[in-house]
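With the hints as constraints, model all of the structure from the sequences given.
Each residue of the sequence shown is one higher than the one before, counting from 1 in UniProt numbering.
Worth flagging that the hints you see were computed from the coordinates, not collected in a lab. Computed from a predicted structure; not experimentally measured. Where is the CB? At the ideal position from N, CA and C, for every residue including glycine. Be careful, since some hints might not be right.
Estimated spans, in silico, between C-beta atoms of each pair [unchecked claim]:
| hint | residue 1 | residue 2 | range |
| --- | --- | --- | --- |
| 1 | 42 | 9 | 48 to 54 Å |
| 2 | 22 | 60 | 55 to 61 Å |
| 3 | 40 | 17 | 31 to 37 Å |
| 4 | 9 | 47 | 54 to 60 Å |
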Amino acid sequence: MCLALETHIKGVEKRIDRLEHATEGAGITAAKVTSRAEHLEKERDNFRDDMVYLKSQSTRNKPYFYWCNES
1 MCLALETHIK GVEKRIDRLE HATEGAGITA AKVTSRAEHL EKERDNFRDD
51 MVYLKSQSTR NKPYFYWCNE S
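This is how it looks when you write it as structure tokens:
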């Protein structure tokens, strides 16, 4: 009886160790995904700012020759 309980307890401890290891790996992966998502959001904001700047420069530097005929 005692031997059966010890064997069962060892099996449970092994499963707990595997779960702890898997949980740690999942935590690390979640942290990496979160970090990458934050980096991509910052990059998106920078691209958006650059696009707004380029549009404003394009509008500002656009010559207005609407009064000239091309011929």
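Worksheet item: Per the hint of 54 to 60 Å, is the separation of the Cβ atoms of residue 9 and residue 47 within bounds?
Response: holds (56 Å)
Worksheet item: Is 31 to 37 Å right for how far apart the beta carbons of residue 40 and residue 17 are?
Response: holds (35 Å)
Discussion item. Tell me if the beta carbons of residue 22 and residue 60 are separated by a distance inside 55 to 61 Å.
Written reply: holds (57 Å)
Worksheet item: Honestly, do residue 42 and residue 9 meet the 48 to 54 Å range at C-beta?
Response: About 49 Å separates the Cβ atoms of residue 42 and residue 9, which means 48 to 54 Å holds.
Going through the hint list in order, the structure satisfies each hint without exception.
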